[in-house]
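S.K.: Could you put together the complete structure from these sequences and hints?
2 protein chains.
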Amino acid sequence: MTKENVQGAGEEEQQAQSKKGLKKQQKEAEKAAKKAEKQAKLAAEQQDTDEDDFAKDRYGICPMVQSQQKLDRALVRVQDLTPEKAEQQIWVRARIHTSRAKGKQCFLVLRHQQFTVQALLAVGERASKQMVKFAANLTKESIIDVEAVVKKVEQKIESCSQQDVELHVERIFVISQSEARLPLQLEDAVRPEGEGDEEGRATVNQDTRLDNRVIDLRTTTSQAIFRLQSGVCQLFRDTLINKGFVEIQTPKIISAASEGGANVFTVSYFKTSAYLAQSPQLYKQMCICADFDKVFCVGPVFRAEDSNTHRHLTEFVGLDIEMTFNYHYHEVIDSITDTMVQIFKGLRDRFQTEIQTVNKQYPSEPFKFLEPTLRLEYMEGVAMLRAAGVEMGDEEDLSTPNEKLLGRLVKDKYDTDFYVLDKYPLAVRPFYTMPDPSDPKYSNSYDMFMRGEEILSGAQRVHDAQLLTERAMHHSIDLEKIKAYIDSFRYGAPPHAGGGIGLERVTMLYLGLHNVRQTSMFPRDPKRLTP
Amino acid sequence: MTKENVQGAGEEEQQAQSKKGLKKQQKEAEKAAKKAEKQAKLAAEQQDTDEDDFAKDRYGICPMVQSQQKLDRALVRVQDLTPEKAEQQIWVRARIHTSRAKGKQCFLVLRHQQFTVQALLAVGERASKQMVKFAANLTKESIIDVEAVVKKVEQKIESCSQQDVELHVERIFVISQSEARLPLQLEDAVRPEGEGDEEGRATVNQDTRLDNRVIDLRTTTSQAIFRLQSGVCQLFRDTLINKGFVEIQTPKIISAASEGGANVFTVSYFKTSAYLAQSPQLYKQMCICADFDKVFCVGPVFRAEDSNTHRHLTEFVGLDIEMTFNYHYHEVIDSITDTMVQIFKGLRDRFQTEIQTVNKQYPSEPFKFLEPTLRLEYMEGVAMLRAAGVEMGDEEDLSTPNEKLLGRLVKDKYDTDFYVLDKYPLAVRPFYTMPDPSDPKYSNSYDMFMRGEEILSGAQRVHDAQLLTERAMHHSIDLEKIKAYIDSFRYGAPPHAGGGIGLERVTMLYLGLHNVRQTSMFPRDPKRLTP
Chain E
1 MTKENVQGAG EEEQQAQSKK GLKKQQKEAE KAAKKAEKQA KLAAEQQDTD
51 EDDFAKDRYG ICPMVQSQQK LDRALVRVQD LTPEKAEQQI WVRARIHTSR
101 AKGKQCFLVL RHQQFTVQAL LAVGERASKQ MVKFAANLTK ESIIDVEAVV
151 KKVEQKIESC SQQDVELHVE RIFVISQSEA RLPLQLEDAV RPEGEGDEEG
201 RATVNQDTRL DNRVIDLRTT TSQAIFRLQS GVCQLFRDTL INKGFVEIQT
251 PKIISAASEG GANVFTVSYF KTSAYLAQSP QLYKQMCICA DFDKVFCVGP
301 VFRAEDSNTH RHLTEFVGLD IEMTFNYHYH EVIDSITDTM VQIFKGLRDR
351 FQTEIQTVNK QYPSEPFKFL EPTLRLEYME GVAMLRAAGV EMGDEEDLST
401 PNEKLLGRLV KDKYDTDFYV LDKYPLAVRP FYTMPDPSDP KYSNSYDMFM
451 RGEEILSGAQ RVHDAQLLTE RAMHHSIDLE KIKAYIDSFR YGAPPHAGGG
501 IGLERVTMLY LGLHNVRQTS MFPRDPKRLT P
Chain R
1 MTKENVQGAG EEEQQAQSKK GLKKQQKEAE KAAKKAEKQA KLAAEQQDTD
51 EDDFAKDRYG ICPMVQSQQK LDRALVRVQD LTPEKAEQQI WVRARIHTSR
101 AKGKQCFLVL RHQQFTVQAL LAVGERASKQ MVKFAANLTK ESIIDVEAVV
151 KKVEQKIESC SQQDVELHVE RIFVISQSEA RLPLQLEDAV RPEGEGDEEG
201 RATVNQDTRL DNRVIDLRTT TSQAIFRLQS GVCQLFRDTL INKGFVEIQT
251 PKIISAASEG GANVFTVSYF KTSAYLAQSP QLYKQMCICA DFDKVFCVGP
301 VFRAEDSNTH RHLTEFVGLD IEMTFNYHYH EVIDSITDTM VQIFKGLRDR
351 FQTEIQTVNK QYPSEPFKFL EPTLRLEYME GVAMLRAAGV EMGDEEDLST
401 PNEKLLGRLV KDKYDTDFYV LDKYPLAVRP FYTMPDPSDP KYSNSYDMFM
451 RGEEILSGAQ RVHDAQLLTE RAMHHSIDLE KIKAYIDSFR YGAPPHAGGG
501 IGLERVTMLY LGLHNVRQTS MFPRDPKRLT P
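First to last, the sequence lines map onto chains E and R.
Numbered per full-length UniProt numbering, the first sequence finishes at 531, counting up by one with no gaps.
Numbered per full-length UniProt numbering, the second sequence finishes at 531, counting up by one with no gaps.
No wet-lab data here; the hints were simulated from the structure.
Accuracy of the hints is not assured; some may be wrong.
It does not matter which identical chain is used: a pair holds within one copy or between any two.
[As the list claims (entries may be wrong)] In silico DSBU-like links for lysine-lysine, alpha-carbon gap of 35 Å or less:
id	residue 1	residue 2
1	Lys56	Lys35
2	Lys360	Lys483
3	Lys156	Lys102
4	Lys368	Lys345
5	Lys345	Lys404
6	Lys104	Lys345
M.R.: Below is the structure:
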């Protein structure tokens, strides 16, 4: 694109723009024009040297890939570069991870996702001086296509994932250039905290990471975290589908703020107002009343809580379960804990590489669990805490520090990082929680914990419209606002229970990480709405 | 619960209540009290007759299932009641679908999900007169536990799904009572439109269905639709995971309205404003720039369009794909069309019962598709329309009627209900669409159609920050608002393409239905926010 084109487009739209917008756009246009000039200059320089360059067709900057042609060329992935490919001439597309010129040679480390390989250009029969210089000047993170011969190496290349081979580059073309100045360095972003402090090496703070998430997500650690998280979702669903569950989709825009109306985001909805669902709770239950029997859903839930902690987000992904049972809600607890155990086993067996990759930067103990899952009653937990010196009432909720402490006590006593705490005090649970039939102070409700932090909250639900009305009134909830919900139970409703799991917390705690922003690709909290 | 309890709870909360709220609650309390009185009366009546009833322990209303005990009793599912179970004594939990008393006998049809079985109570050794009367008086849709002997029948029971057996009931207990007056009758709700008009039989209009969705979802048709829809999601994900895709979760609350800011819902976000994402587009692309290579996501997307048509919702479920390619975006089209074909095959092979169930109420032709998928260029489509008498310009977008017409023309000519229309005019596509390299009037973009309606829109995206800036300016988009998006492409970006599929549309069109509200459990449109 030339300067004229850019400004032409600008002029065409001038009238629709505010003055301020226009100024910005002109600035952008000038910037783009400067860049174009610079590139033209570079191209001219290259042409000057082209004449005496025998390798001039073997390198350069490709025109932008605009699907001009269907090239019949196979690209080998970096992870597939193994000694079996030795002496083969192949094409690879990868990023320039690092580059180092050394006399007549240039050493590149090429990266694709979490895999790296060493590549070598040397002045000689296949490469001119100009070509090696061109390679040496390429900016880090640029994407290139190289044609190369795969060579076995005698000494393992410790700094690369592909340790037994290197590439002898014969052609090198740029597919997409990176700007020279990166907002963060990938090697800094994977450095374990504290390490390198003495040598004055940097680590990257969380806001810088999140502000430049596209680059931060390229690190081996991020790649591993989010591949494992994709696995959590897959294991969750596969397990439930095998158990006969049906996946449902529940609306996120709702007409009335349930559960009293606190901590809910308001949406402008045409000429009226609506809210963002704090959970799919009511809809899951309607599906139960509609005879789907066992349902799950995976989707965003929204909490307008002004909590700036390591484990709160204003938007997170809920893995939700609801199911009917025959006679006792422990049938549901068993189903949920088995699902969690299948997830833990699946992660352990299928994501060991990812776990170890994350551990390199964030060391943690392997995640331990029992079969069957340990289930303690709330009062047993309280007794353990009291024995450890905590003072608390019978009907008092657990504070976050006490949850953590109880997690450590349980780990010491039972050697598990996962357990269920059953029969919470009725007073600390939502209005739709089924009271305990033998003691009205308690309820048929439970939380599940990983490494001492809550990842699931659930309960048997009240399935009787009359009792539900009484419980809502007891909680001072406006009955008019939950009329549709209560009415769902008037035409025959089976006993049922369920729970909601926080995906980001499961990933965080399974990996032993310490901030839920590390396991949310684009986290949202009271202070962060971008990128 | 007694009257005292209810009012006690009311008093406890009085101060927190507005006067209006209080009145409502008192009314509710009175209603509850009346109901309790009525039940007490019924119980008293029963006691009167109990004394001379030898079967009095064989029937009745169970206390609410509150997980009082872990009963060691297996429940057989209605669908498993087959001749192999003949002469076995079993327990079943089901709803009363219909009930008919006839002299000393009572015939019930019991239903669980889409399965039904006939059950018989007859005065005799195992059942008293009072017991048969009790059964005959039970309200439709109540959930009951029955103990019964499975009996083979000589003549098939045409009106039930289990045609070869019936149940001889020996015990019958109510688990959950339905109110007597149902807002709609299930048999009306599954009646094909037009059928029964002469006999004055009712069908149920859409608003009544949606207002009483919990009952409407119990019909065989609804059960089949949403089980099949769960299958669409599962097939979509399984196919992509097999192809090496990673599932991502993208934020729904975003800081800036992309794509110009029209048709976007505003959210109050603490002290500022935010928006609901119209698509995961920008986030999918950031993941591509972050080297995830092939990503998909399944989640809600929001459109504040005041469109009241059969195919528009303000909130629907997007099945989104984005992937890098090597040299040509047709690599991506092939991947998406293959995914769709896998979905069509999976539905055909695994959901035949559901398809036929829906067809009973809403007849349609079986869905046809080709392998490989038919791909036409936009101008070919325009030529077909012109040959059929339509007048339109080369760069004009297709109207909905023209899309429908083209669908019919394509079906006639190629015998397929699924095809791709490629190379749309650049002017009618979003700013981030890659222009055609050979003709700037067109673009590397495509729509996919099922039965003549659009289900996917996609394109090669501009992966170059400079060209993207120019395109955004051409569309008069405020660059400041999409800065983070454009910046994502500054540090090396691979060529990529993708698309977004509307789940509800896929289900609707695959089944040959005519309104997207039938395939959204709890649809949202400009006029509907409930239930």
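S.K.: Hint compliance check: list the failing hint numbers for this structure, sorted ascending.
M.R.: Of the numbered hints, just 6 does not hold.
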